[in-house]
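Undergrad: This is what each chain is made of:
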Amino acid sequence: MAGGHLVLEHYEVDPRECTGCRYCEAACSLEHFGKVAPALARVRVRRHDDGRDEVSMCRNCPDHPCVEACPTGALSVREGHVELERELCAACGACGEACPYGAVFFHPAEGYPLICVQCGTCAGFCPPGVMKLVRVCG
Amino acid sequence: MYGYAGKILRVDLTRGEVRKEPLDENLVRRFLGGTGYASWLLYHEVGPGVDPLGPHNKLYFFTGPFTGTMWPQGNRYVVTTRSPLTGIWGEAHAAGHWAPALKFAGYDGLVVEGESPRPVYIFISDERVEIRDAGHLWGKNVHETEDMLLDAHGDDCRVASIGPAGENRVLVAAIVNDRDRVAARCGVGAVMGAKRLKAICVRGTGGVEVADRVRYPGFCRRMIQKLLDDPIAGTRVVYGTAGLMEIMSDIGRVPTWNLRSGVFPGARRIGGRRLRQEYLLKPRADFACAQRCGRYVEVKEGPFRCRTGGPEFETLAALGSRCGVDDLEAVIYAGYLCNVLGMDTIGAGAVISWAMEAWELGLLPRELVGDLDLSWGNAETVVELTRRLAYREGLGDFLANGSLRAARELGPEAEKLVMHVKGMEIAGQDPRGQKSMGLAMATSARGADHLYAFPVLDEGGFDEEIRRVYGPQYMPEMADRLSPVHKGHMVYVNENWAAVVESVGACKYGTMVPPTLGYEEVAEGLALTCGLDCSVADLEKLGERVVNLQRMYNVRLGIRRAHDTLPERLLKEPAPDGPARGHVVELDYMLDEYYRERGWREDGVPTRERLLELGLPELVRDLEGVR
Chain A
1 MAGGHLVLEH
11 YEVDPRECTG
21 CRYCEAACSL
31 EHFGKVAPAL
41 ARVRVRRHDD
51 GRDEVSMCRN
61 CPDHPCVEAC
71 PTGALSVREG
81 HVELERELCA
91 ACGACGEACP
101 YGAVFFHPAE
111 GYPLICVQCG
121 TCAGFCPPGV
131 MKLVRVCG
Chain B
1 MYGYAGKILR
11 VDLTRGEVRK
21 EPLDENLVRR
31 FLGGTGYASW
41 LLYHEVGPGV
51 DPLGPHNKLY
61 FFTGPFTGTM
71 WPQGNRYVVT
81 TRSPLTGIWG
91 EAHAAGHWAP
101 ALKFAGYDGL
111 VVEGESPRPV
121 YIFISDERVE
131 IRDAGHLWGK
141 NVHETEDMLL
151 DAHGDDCRVA
161 SIGPAGENRV
171 LVAAIVNDRD
181 RVAARCGVGA
191 VMGAKRLKAI
201 CVRGTGGVEV
211 ADRVRYPGFC
221 RRMIQKLLDD
231 PIAGTRVVYG
241 TAGLMEIMSD
251 IGRVPTWNLR
261 SGVFPGARRI
271 GGRRLRQEYL
281 LKPRADFACA
291 QRCGRYVEVK
301 EGPFRCRTGG
311 PEFETLAALG
321 SRCGVDDLEA
331 VIYAGYLCNV
341 LGMDTIGAGA
351 VISWAMEAWE
361 LGLLPRELVG
371 DLDLSWGNAE
381 TVVELTRRLA
391 YREGLGDFLA
401 NGSLRAAREL
411 GPEAEKLVMH
421 VKGMEIAGQD
431 PRGQKSMGLA
441 MATSARGADH
451 LYAFPVLDEG
461 GFDEEIRRVY
471 GPQYMPEMAD
481 RLSPVHKGHM
491 VYVNENWAAV
501 VESVGACKYG
511 TMVPPTLGYE
521 EVAEGLALTC
531 GLDCSVADLE
541 KLGERVVNLQ
551 RMYNVRLGIR
561 RAHDTLPERL
571 LKEPAPDGPA
581 RGHVVELDYM
591 LDEYYRERGW
601 REDGVPTRER
611 LLELGLPELV
621 RDLEGVR
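Chains A and B, in that order, are what the protein sequence lines are.
Position 43, counted from 1, in the first sequence is what this note's numbering calls 43; the numbers after and before it change by one each time, with no gaps.
Position 388, counted from 1, in the second sequence is what this note's numbering calls 388; the numbers after and before it change by one each time, with no gaps.
By construction, these hints were calculated from the structure, which means they are not laboratory data.
For every residue, glycine included, the Cβ atom is placed at its ideal position computed from N, Cα and C.
Check the hints yourself; a few may be wrong.
Unchecked claim - Not everything, but these chain B residues come out facing chain A in the computed CB check (under 7 Å): (1) T205; (2) R292; (3) Y296.
To be verified - Computed, partial: chain B to chain A, Cβ under 7 Å: (4) I224; (5) K282; (6) R284; (7) A285; (8) C289; (9) A290.
Required output: the full structure, derived from the provided sequences and hints.
TA: Structure below.
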């Protein structure tokens with residue numbers, strides 16, 4: 001399933017360290033859609049009253065439950081991250097329900113999933129520099 | 001149109017109509033957006049005969065081309081109107097996430113017109129715009145309102161609303177977005193309340209396209225890094241603006257006991273260091289903010305238990321030192337009350353401190369004061385009176401139209417104690433300790449205001465920055481905060497630059513203090529974001545155009561040199577303590593230089609030639625009949 005990759009990478013943020021600036025959302029949408037459009041981002045920040053800024057981002061799970069849940073085979077793991085083949089996607093939302101981290105988002109107009117490809121653009125922009133690269137054996 | 005949404009939304013609450021109009025590209029070239037664009041519309045649509053609280057006044061919520069982009073702190077909006085507090089040009093500004101959402105929904109600006117017969121809110125979800133009943137929201141505070149609207153419409157929405165203060169048309173009422181980001185000044189919340197508009201709830205799923213996708217990300221990264229590398233920005237991360245409390249008291253500039261003094265003995269007890277050590281949950285940022293000067297604090301127990309954004313320096317000065325209060329928990333709580341009840345902390349603290357002084361001098365009758373003890377430093381009174389202001393209860397009702405109107409009911413002795421310019425209360429600066437601030441307050445188009453020119457580089461320690469921004473020929477006098485020399489030039493330059501900053505939707509932190517991102521960076525940003533070809537000279541002229549436009553709005557209402565003044569206390573009573581001891585503000589000297597720099601007449605009226613040079617020929621006819 002993991003395409004032969006032994007080490008999977010993803011990013012994590014401590015919600016006490018995130019300042020909630022959402023540069024990650026902006027950078028992600030610019031990188032992948034060519035515009036600053038947080039509703040198209042594959043990472044989201046949610047502010048809580050207790051002071052946490054919770055960042056929902058893909059952990060690139062070794063067992064990839066989103067891929068497993070996809071009934072049409074639109075999702076697969078390639079080069080160490082989840083890829084979507086849009087023409088196969090039925091926009092059923094099963095991947096989102098399967099994600100244990102709430103890190104699958106959906107295109108607001110077209111309904112297909114927005115899943116992180118671990119490109120690291122967001123981490124490169126994070127002004128407090130608190131996005132940490134994590135490597136997990138797959 | 002790169003960098004812009006391309007549309008303006010107009011909502012007429014009298015007719016219940018929604019209109020969308022294209023952004024005027026000619027106006028974009030002349031004013032860019034934000035304060036410039038909004039002020040142009042206000043000038044032509046809200047004339048001198050309009051009652052600020054009547055149906056013909058309008059609220060212009062405007063973003064700029066950098067709002068909702070990756071320009072550092074590209075998250076701001078202005079709300080421009082005819083102020084009910086001052087009767088002249090009025091504007092308030094806020095950061096947060098609401099303004100980017102408005103732009104992502106497809107609108108560079110929202111114009112609210114008319115007056116609804118019953119409470120309503122505006123719901124915007126991209127193309128869909130509805131005026132909805134707000135009967136269930138009326139009377140709720142800001143946090144309750146946001147919670148109810150997010151429950152109803154989804155937590156991907158952003159809300160700007162008024163609290164009870166705005167509903168009750170309190171003239172220091174604010175508009176609050178994202179729970180604790182506040183468009184505070186000029187009574188904008190009262191205008192919204194008079195229109196019976198409770199809230200604007202926005203979902204935006206679109207985005208902002210940039211002109212140069214290849215170079216833009218690298219440019220933004222460079223701007224962020226430039227900012228973060230500046231030591232001032234670094235200090236701001238640690239202490240927020242609260243850290244200014246100690247510094248400003250040390251230089252004799254923090255308003256204390258209604259500006260009797262610029263030195264507050266309790267500064268360290270309510271300062272940034274203590275706030276950080278004992279109450280700070282975390283520094284917080286708004287959309288695309290690299291600096292995170294925002295505080296999120298908690299008072300864990302006791303009568304002032306709360307969690308809130310802030311307090312900013314201005315809040316600490318207004319509800320703390322200005323009222324002689326050195327109980328930090330009470331100040332945090334009073335600031336929290338202002339946020340949830342929808343009030344300007346500066347205005348609230350200023351009217352309370354005026355009442356305290358009037359009470360001390362026997363000018364405020366007991367029957368107005370009721371059961372309150374208005375002694376200096378009484379923390380419980382400040383908290384309770386803040387609440388009564390918002391609900392117009394007792395003394396709160398008497399004060400709710402601002403300190404100038406209240407004082408005029410009591411007579412000239414009481415009026416002399418009002419620390420205001422043009423009817424708006426002075427913010428957290430005793431200008432006897434920094435002369436440029438005195439001039440800035442006097443000339444600001446919205447009445448007493450530190451932000452319109454925001455002259456801060458003469459506070460001390462910015463000699464290099466002064467050489468770079470203004471030129472070495474102004475040293476060493478310009479850097480001397482107690483000298484009036486060259487301050488006319490300083491305020492002139494700053495007002496123009498601030499107008500550019502507020503027109504593009506950027507933040508004054510990072511563009512003015514520290515002055516890290518300047519004209520060249522904004523010009524490059526406009527090229528990469530919008531594809532606009534603006535030279536530094538074009539932008540300088542644009543800033544000056546905006547200032548002259550706003551001045552002309554006020555000139556049309558009768559504002560002249562005589563109004564560009566300060567309270568007698570600051571002009572005649574020497575500062576009693578600290579490094580500014582013995583100083584008054586030499587206003588006339590600075591004002592003369594300022595008018596010369598502006599090319600205005602000695603009485604403060606722009607000349608025909610100047611208006612033509614600046615590309616404002618439409619305004620020339622309004623000079624006719626001006627005496």
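Undergrad: Could you work out which earlier hints the structure fails to respect and list their numbers in ascending sequence?
TA: Result: no hint breaks.
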